[in-house]
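*Asks:* Chains as they are written, first to last, in our numbering: chain Z, 5 to 121; chain W, 119 to 338.
One thing to keep in mind: the hints can contain errors.
Here are the computed lysine-lysine pairs in the DSSO-like style, where the Cα-Cα straight-line distance is at most 30 Å [unchecked claim]:
no. : chain 1 : residue 1 : chain 2 : residue 2
1   : W       : Lys120    : Z       : Lys30
2   : Z       : Lys30     : W       : Lys133
3   : W       : Lys133    : Z       : Lys36
4   : W       : Lys276    : Z       : Lys102
5   : Z       : Lys31     : W       : Lys133
6   : W       : Lys120    : Z       : Lys102
7   : W       : Lys120    : Z       : Lys31
8   : Z       : Lys36     : Z       : Lys102
Calculated directly from the structure, the hints in this document are not laboratory data.
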Amino acid sequence: MQQAATLLEACVFATILCGFFGIILKKNLMMKIISMDVMSTGVIAYYVLVSARAGLLTPIQAEAKSGRYADPVPQAVILTAIVIGFSIQALMLVGAMKLARDNPTLETSEIERHYTP
Amino acid sequence: MKWVYVVAGIALYIKMLVFPDLAMDAADLPAVESVVQDSGVPNAVSGLIFRNRLYDTIFEVVVFTIAIMGVRFLLSDEQPSRIVYQFTDHPSIVLARLGATIAALISIELAIRGHLSPGGGFAAGVAGGTAIGLVAITSSSEWMEAIYQRWHASVWEKVSVLIFIVLAVLTLIGMELPHGELGTLVSGGWMPLLNILVAVKVALGSWAAILLFIRYRGLL
Numbered sequence: 005m006q007q008a009a010t011l012l013e014a015c016v017f018a019t020i021l022c023g024f025f026g027i028i029l030k031k032n033l034m035m036k037i038i039s040m041d042v043m044s045t046g047v048i049a050y051y052v053l054v055s056a057r058a059g060l061l062t063p064i065q066a067e068a069k070s071g072r073y074a075d076p077v078p079q080a081v082i083l084t085a086i087v088i089g090f091s092i093q094a095l096m097l098v099g100a101m102k103l104a105r106d107n108p109t110l111e112t113s114e115i116e117r118h119y120t121p
Numbered sequence: 119m120k121w122v123y124v125v126a127g128i129a130l131y132i133k134m135l136v137f138p139d140l141a142m143d144a145a146d147l148p149a150v151e152s153v154v155q156d157s158g159v160p161n162a163v164s165g166l167i168f169r170n171r172l173y174d175t176i177f178e179v180v181v182f183t184i185a186i187m188g189v190r191f192l193l194s195d196e197q198p199s200r201i202v203y204q205f206t207d208h209p210s211i212v213l214a215r216l217g218a219t220i221a222a223l224i225s226i227e228l229a230i231r232g233h234l235s236p237g238g239g240f241a242a243g244v245a246g247g248t249a250i251g252l253v254a255i256t257s258s259s260e261w262m263e264a265i266y267q268r269w270h271a272s273v274w275e276k277v278s279v280l281i282f283i284v285l286a287v288l289t290l291i292g293m294e295l296p297h298g299e300l301g302t303l304v305s306g307g308w309m310p311l312l313n314i315l316v317a318v319k320v321a322l323g324s325w326a327a328i329l330l331f332i333r334y335r336g337l338l
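Taking the hints into account, I'd like the entire structure generated from these sequences.
*Replies:* What follows is the structure, encoded as structure tokens:
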């Protein structure tokens, strides 16, 4: 049980790091946006994992269940990030569309050179 | 320079795995029971979102609205794409309509019973948006646009946000409806109403986003 949780935590951290390295190392704007989504998926998974530490039952009170409930606080906190992530992604994609129309490329270095006086 | 970042990231990874977690002593508190007692609904996550963290949820809804408005603003001077390629074969249309019906029913279920069972306003809104998206990929965009205009969907979206803010402020200054019996459909004060409002808001907002992206970029 404890070992499985540690393994899962390692996988979740690997997902977050993959997304993070994608954001800072990839040059393409689309790749950056996709890596940001990967990173936010990892963060959401980490919050779910943290809330599962207290117990494994869904935090909805019921008579018949026995066992410990999962912690509802991290789940409620991260629900915000899911919705905000969706709207931020729509906004970022539109921004990338505008940039790609003004300079016919998605490479950040090209776009930056185009705007450097 | 790139390798410095990679080495630092790997070092952070090993640190997070090897060193023990920060104090998790607060887990002994029976969070679910106390939240259920305070909010009067069995779903503790809904209780937290619409009662303990209501202040945060208001701004979440506001940020979502502003992001959709920003998409509309940024796209307003674009040239709409001339030809939108749709799915035209009969099997996909039937399957998409079937999926849309099921998603819409699930959305209503999640919205009205979000305080009793897993679900809630945000999940319900996303299910409704999925239903609308499934219809949108198989029918003509002018028709979808006409429906969006005829039912004043954007006005309803803003109105539901405003009603949500008013209800939330009423809750925050302490005016609460009676909790009712725990576990019934009409219970928990404002909570079912807030759930439905958020569901309407998220469904209409994602409809607006889908419609804009299809009109200006097509499906592919």
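*Asks:* Given the hint that W/Lys120 pairs with Z/Lys31, does the C-alpha gap stay at or below 30 Å?
*Replies:* Judged against 30 Å, a Cα distance of about 12 Å means the pair holds.
*Asks:* Run the distance test for W/Lys120 versus Z/Lys102: straight-line Cα separation, threshold 30 Å.
*Replies:* 29 Å, holds
*Asks:* Are the Cα positions of W/Lys133 and Z/Lys36 separated by 30 Å at most?
*Replies:* Between W/Lys133 and Z/Lys36 the Cα gap is close to 26 Å, so the pair holds against 30 Å.
*Asks:* Does Z/Lys30 sit within 30 Å of W/Lys120, going by the straight-line distance between their CA atoms?
*Replies:* 11 Å, holds
*Asks:* Is Z/Lys31 close enough to W/Lys133, meaning Cα to Cα at most 30 Å?
*Replies:* Roughly 28 Å between the alpha carbons, so the hint for Z/Lys31 and W/Lys133 holds.
*Asks:* Could you grab the alpha-carbon distance between W/Lys276 and Z/Lys102 and see if it respects the 30 Å cut-off?
*Replies:* 26 Å, holds
*Asks:* Holds or violated: Z/Lys36 and Z/Lys102, Cα atoms, limit 30 Å.
*Replies:* Measuring from Cα to Cα gives roughly 16 Å; hence the hint holds.
*Asks:* Between Z/Lys30 and W/Lys133, is the straight-line Cα distance small enough, at 30 Å or below?
*Replies:* The hint holds at about 25 Å.
Checked against the numbered hints given earlier, the structure satisfies every one of them.
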